[in-house]
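S.K.: Okay, here's what each chain looks like letter by letter:
Number of protein chains: 2
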Amino acid sequence: MSAIGFERHDHAGCIDDAMRQAESRCKADKLQFTPMRRRVFEILLEAHRAFGAYDILEVLVQDGHAAQPPTVYRALDFLLKAGLIHRIERLNAYAACALLDEHGHGAHDHVPAFLICRHCRSVAEAEGDLTISGLAEAAAATGFLVERQVVEAEGLCPACRKDPAAAEVAA
Amino acid sequence: MSAIGFERHDHAGCIDDAMRQAESRCKADKLQFTPMRRRVFEILLEAHRAFGAYDILEVLVQDGHAAQPPTVYRALDFLLKAGLIHRIERLNAYAACALLDEHGHGAHDHVPAFLICRHCRSVAEAEGDLTISGLAEAAAATGFLVERQVVEAEGLCPACRKDPAAAEVAA
DNA sequence: AGAAGGGTTGTTACAGTATAACATCTCATC
DNA sequence: GATGAGATGTTATACTGTAACAACCCTTCT
Ligand SMILES: [Zn+2]
Ligand SMILES: [Zn+2]
Ligand SMILES: [Zn+2]
Ligand SMILES: [Zn+2]
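Residue numbers (the numbering used here), protein chains in the order written: chain H, 293 to 463; chain F, 293 to 463.
Keep in mind the hints are simulated off the structure, nothing from the lab. Among the hints, erroneous ones may be present.
Heads up, the list lumps identical chains together, so a pair's fine if it works in one copy or across two of them.
To be verified - In silico DMTMM-like cross-links for lysine to aspartate or glutamate, where the CA-CA straight-line distance does not exceed 25 Å: (1) K373 <-> E429; (2) K319 <-> E429; (3) K454 <-> E439; (4) K319 <-> E381; (5) K319 <-> E338; (6) K373 <-> D309; (7) K322 <-> E439; (8) K319 <-> D421; (9) K454 <-> E417; (10) K454 <-> D302; (11) K322 <-> D401.
With the hints as constraints, model all of the structure from the sequences given.
M.R.: If you want it as structure tokens, here you go:
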């Protein structure tokens, strides 16, 4: 499972690649890749691990930008919807999608499977339609020790699907 | 996949069964199933959906118990460790394990896969070693509309496993 | 009986995560 | 130049979770 990687790589290069991917995606979808959104994405790419919203805020402040929480959360919402980053529920944190290179435009919707180090918060993103035990095995093969797994699907239950009141933004 | 169920059932009966299961497990493991822990578990069984810690607190207060947050979180920690409930990361909430009947004592450690309604917060727990797409298909077969999926494995990365002191090396 | 110790609960205060609501700005269009 | 949509600024607050210490309840040992 080569898609699971904690190994070293050309980090400057991967940042450039991802940034170009992001630009071309936003351009194609007519989304505004503004300086703030670009900078937040860049921070996540540089971090190369899970970063909390307030971690990002801290970097922005170090940049000399007097940012407030809503600014960060808005940028994160944009990047999430654009498929450029993922939210790591377990950590209340965010990480850049590691599979931007692998997919062309339009592949916003893959289901990410993460291996999360609880110590250093590094994050590896696995690709492919694995089973639960398959993910654990693939992880073990790379030397990652799985201690806890979470599988959650969110949506509308049969009852709420019929109820119009629930259909607010239902896909 | 019969284990995915939003269908009706004998709810009073399922509560009794689960409570008996919990008692026998705690007894076998020499864990103290105290009145507070019992009541919190009961609240989750009665709710039969995801309940936040503060939702539980509210019920306790209605009971006439002047409880504070730590009391609830302690009871939840106990029940989580005992394998009687699960945490729903996506909702910052908790739900009683729906598979207590299915497993004998010692099966605390199954990986739960949840279908979570974002509208009514009802929760169905699927059993078995499904693939990501398999879960979505099984859900669709029951009339559940999946909008978003999360797969996360938490543990220790190869680096931290060997040298827990090296926290920031993962770049 | 009295002392010691582990586990549970009570209580206060606070840390960390996220959003509501409204003001302002910018830029394209009319 | 007025209008309107989208983005950001700003203030305040809601929601989720924990640290730290005190009190209590048992069981065990002296
Ligand atoms: Zn990189
Ligand atoms: Zn690590
Ligand atoms: Zn039930
Ligand atoms: Zn529902």
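S.K.: With reference to the structure, classify each hint as holding or not holding.
M.R.: Evaluation of the provided hints:
no., hint, result
1, K373 <-> E429, "between (31 Å within a copy, 24 Å between copies)"
2, K319 <-> E429, "neither (39 Å within a copy, 33 Å between copies)"
3, K454 <-> E439, "between (39 Å within a copy, 16 Å between copies)"
4, K319 <-> E381, "neither (29 Å within a copy, 34 Å between copies)"
5, K319 <-> E338, "within (23 Å within a copy, 50 Å between copies)"
6, K373 <-> D309, "within (20 Å within a copy, 43 Å between copies)"
7, K322 <-> E439, "between (42 Å within a copy, 23 Å between copies)"
8, K319 <-> D421, "neither (30 Å within a copy, 40 Å between copies)"
9, K454 <-> E417, "between (35 Å within a copy, 21 Å between copies)"
10, K454 <-> D302, "between (50 Å within a copy, 23 Å between copies)"
11, K322 <-> D401, "within (18 Å within a copy, 47 Å between copies)"
Violated hints for the displayed structure, listed by number in ascending order: 2, 4 and 8.
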